[in-house]
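> Following the hints, put chains P, F and B in place on chain U, whose structure we already have.
What follows is the residue order along each chain.
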Amino acid sequence: MDKVMDMKEAIKKFVKDGDVVYIAGFTHLINFSAGHEIIRQKKKRLTLCRPTPDLILDQMIAAGCAQKVVFSWAGNPGVGSLRCFRRAVEQGVPNKIEIEEYTHFGMVARIHAGALNLPFIPLRSNIYSDLPKVNPNIKFIKCPFTHEKVSVVPALKPDVAIVHAQRSDKEGNAQIWGIIGDQKEAAYAAKKVILSVEEIVDEAVIRRDPNRTLIHNLVVDAVVEEPWAAHPSYVQGYYDRDNDFYLEWDKISREPELVEKYLEEWVYSVNDRREYVKKLGVEKIMKLQPKRFYSLPVDYGLYL
Amino acid sequence: MDKVMDMKEAIKKFVKDGDVVYIAGFTHLINFSAGHEIIRQKKKRLTLCRPTPDLILDQMIAAGCAQKVVFSWAGNPGVGSLRCFRRAVEQGVPNKIEIEEYTHFGMVARIHAGALNLPFIPLRSNIYSDLPKVNPNIKFIKCPFTHEKVSVVPALKPDVAIVHAQRSDKEGNAQIWGIIGDQKEAAYAAKKVILSVEEIVDEAVIRRDPNRTLIHNLVVDAVVEEPWAAHPSYVQGYYDRDNDFYLEWDKISREPELVEKYLEEWVYSVNDRREYVKKLGVEKIMKLQPKRFYSLPVDYGLYL
Amino acid sequence: MDYGRNELMVVTAARELRNGETVLVGVGLPNLACNLAKRLHAPKLVMIYESGVVGAKPSRLPLSIGDPCIVTNSESVCSMFEVFGYYLQPGRVDVGFLGGAQIDKFGNINTTVIGDYRKPKVRLPGSGGACDIAHLVKKILIITPHQKRRFVNKLDFLTSPGKQLKKEEESLETNKEVREIKVITDLCVLSLHNRYGELVVEKLHPKVTLEEVQENTGWKLKVSEELKTTPEPKKAEIRVLRELDPTRIYL
Amino acid sequence: MDYGRNELMVVTAARELRNGETVLVGVGLPNLACNLAKRLHAPKLVMIYESGVVGAKPSRLPLSIGDPCIVTNSESVCSMFEVFGYYLQPGRVDVGFLGGAQIDKFGNINTTVIGDYRKPKVRLPGSGGACDIAHLVKKILIITPHQKRRFVNKLDFLTSPGKQLKKEEESLETNKEVREIKVITDLCVLSLHNRYGELVVEKLHPKVTLEEVQENTGWKLKVSEELKTTPEPKKAEIRVLRELDPTRIYL
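Chains U, P, F and B, in that order, are what the protein sequence lines are.
Under the working numbering, the residues of the first sequence are numbered 45 to 348, in order.
Under the working numbering, the residues of the second sequence are numbered 45 to 348, in order.
Under the working numbering, the residues of the third sequence are numbered 4 to 254, in order.
Under the working numbering, the residues of the fourth sequence are numbered 4 to 254, in order.
Chain U with its partners taken away, still in its complex shape (with noise of 0.2 Å):
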């Protein structure tokens, strides 16, 4: 019954070679620890389904996990291009993948209906653009009341999501504040969930909030704590987006060889998160920390 672990228990036992993988976030909470785990657990033919690959997969993809990926904007934000998502793409290497493509509302569309086990969602898009003719997933309909033709999109429903949260209880009820992206719909959507926070907290401080708690622990299979799981992403008023890295990923990303040495040092010859925070060291740490800047609480009332 008790579903706190660590990373590395999670990862063996809820990702299974071939598995569809939905690593949630956007550009915020995205779960770097998991995706490092999953790479030193050689982790083979996944299906990794995200709006934005982000440098994870990019990460992961080199490291030759990936068999497929489905997404909606593959690029480094702000920064240019997935250069190992593109060497995959154009040359094969290390390994061809396959794609599947939406656009970003397609993307949460179907994760969105995955959630709502729903079959199928309606969205307006899609109609005058090429993606319907090089994705058979994208088809179109008529509304059955006012006949007009709308596109729709297939649900999506992972083996396995993994969600970064701020903070949950120890059976997973997560709050998240900041932008929330699609971590709700991901984990809901998802067969088996893995869950990290920066806190595992008392229930009474997620009892406390109600209303925050996007998360509820029904959907969440192993609770994780890991502090600084999504770097070099960031968690909003934990820790600042490493910038930094994004613009150096560029470099690193150029050459396979410099990738291969990335992966050696930072993933394969690194235990668990907790050395790579240490590897990261004071100075980096010290740099991405925020100032306080608090909410307001708000008042429930107690009703006897």
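Worth flagging that the hints you see were computed from the coordinates, not collected in a lab.
All residues carry an ideal CB built from backbone N, CA and C; glycine is no exception.
Mixed in with the good hints there might be a few duds.
[Unchecked claim] Non-contacting residues of chain F with respect to chain U, defined by C-beta distances greater than 10 Å in every case (computed): (1) V56; (2) P71; (3) E215; (4) L224; (5) R245.
[Claimed, not checked] Now the stretches of chain P that chain F is said to cover, found in silico as 3 or more residues with beta-carbon under 8 Å: (6) 69-82; (7) 110-123; (8) 129-141; (9) 145-152; (10) 174-188; (11) 204-210; (12) 283-295.
What follows is chains P, F and B alone, placed relative to chain U:
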């Protein structure tokens, strides 16, 4: 540009005879103040939409404002019948009303689709029920991907939505906690939105906790500062539900004469909500006050 | 120990709830049954209210399922669309409590109308979430007084499906297997039984006869081959139950 | 006052934004243009980021549209599905900023691939929200360097529609009227014009000739009958702009 006005002006400006009106709120935050003002201004031939008509529609029906009711559960929650609603449906008193009914899921899916500007939305219900036989708006289609049969309902886009919230700034950025029901969807689905709040707060209060903002000012047309607007419904943290009145209404509503008397005393003879609250009296006000029970603040971080 | 009819019904319903199950709670007796189970044998019961509150710890007995006391100190609050969409529709709710003005032998329920839909004798509240719940939960529990006008041979209107008779091959419903339905009355416990394809008398309450049950039922009842007597409430059950409703609103 | 090419582009784009409009902000130059407009002539401009942040007041220049500085002190944060669903899809966004590797004369954009989709020469990032934005906003603004390889006669892939050429009668798109498209380059401003049905040169930047523009464009350009010269940036515009990007990341 200034949206702040009193309830009289808001109703006058935004509710027209014959309009489709959606007063939001599931048990919580039901805007009785707006309902009473609509009665006072003798609005006619309204199509009134609410999953749970509750006492507010019972009173509006009794006052002759309604031509049609779109709903999913027409009862007095925890008490029994909505007797004025029944008299209208069973006996055409004070006037015949048309009804259009759904399941709860169907109703909230309709307003959800309206908020999203989708023409329709699928849901997994209705198929074994007699409801589709009496409501042609519940249709069935085949999923274009899985070929399963699934029920669909059309979007609901009211002319006016009336929502109540704990607080907003004067532009109408509204924060709600406790049961959020259909408040957000109603606001985003409607052509015009009247927002009333227990308190108008400084913009800075809202900006300290942007994840708490349920309704953005973009969709809000009128902001009314109206303490106790929800009584005998309630506002989480501000005042309790007046369960005694819900029980009392069961007696009042048995006799059209008693209803008439109630409306005369508590609606027609009262100029506005301030007078209504004065009439409620100190004892009642004090009795409905919960004890303070605050959430804990969260840290958004200041990123410089 | 002395106990009332409602107390026996609530205790019997509570025993149908298992630890770790997720239950969609209604007000009144169902709410008492859930809270009783949670305090006794099912501390990990997850209580979901259709108002959007999940993991509630109510400080008092709520009159409605939207009471502020179920929000304060709960684990999570979501919108109404979300409670149906994220919990009920994906089959995350094990048990749903329903009630109704009319029930037929397949566990179908009418909460819409007595008489003709267009010319109602009595207009009832309608579906609410009941039809959705009936489509989507694994197990339906019904608590109701046993009266002939309620246990009818033919419903005036089928609001919420029991056995989901009109099963169509291409249908989408999550729970295609024949699911469990238990009807707990003040006379007996009826159960939807695979072998009979309809509700059968499974347990008779203490001192109740089969004849008495049949007299109050609008169709010829089948009886389980393993008919039992409903166990009497234990002292602890009655004690906790009365703590839950100290002013005897429902008991 | 001296100014750079990017500064002129940003100032020109900023002037296209009106007070009270709602704009879907991209990173880089579009973000600068929005913030510039907001500080000068359009204080009521509502900035929406596709990351779900509405009414942002960024304390620094964000590198990405998901930066934490756009969250702190914003008016509202919602999920990504909600920002597309509640703001873009109902037509609540007036202006969208787009960019692209290739643009054709109808304002159609390619951000997907150079070469064949299945055997790409260069795999670009893909649509992101661009295709959705292009379907659903009233006005599209494009800021881009003016190069022949960008301004092509035929796109390798149509990611995001400009004029929405393949208009089908039964289509659902919100903005059925011909909407406004402005392309702001380092040479000129092109505008989708009803009369011509394609992009026409509307304004030439100071010291730029029509020949220079044509040389850098892959199709025969039409020119507005009321061709104007782009007004030079004002001192105040340049001053505020440089305050916004003090370390000259984009300028």
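> A separate judgement is required for each hint: does it hold in the structure or not?
Outcome of the hint check:
1. V56: 7 Å, violated
2. P71: Contrary to the label, P71 of chain F does not stay out of reach of chain U, its closest Cβ about 5 Å off (not over 10 Å).
3. E215: Holds: least Cβ distance 42 Å, greater than 10 Å.
4. L224: The assertion about L224 of chain F holds, with a minimum of 37 Å to chain U.
5. R245: The claim holds: R245 of chain F sits with its nearest Cβ about 18 Å from chain U, beyond 10 Å.
6. 69-82: Since 3 is at least three, the answer is holds.
7. 110-123: This one holds; 8 residues, not fewer than the three required, reach chain F with a Cβ under 8 Å.
8. 129-141: holds (count 4)
9. 145-152: holds (count 7)
10. 174-188: holds (count 5)
11. 204-210: Per the Cβ count (0), the hint is violated.
12. 283-295: holds (count 4)
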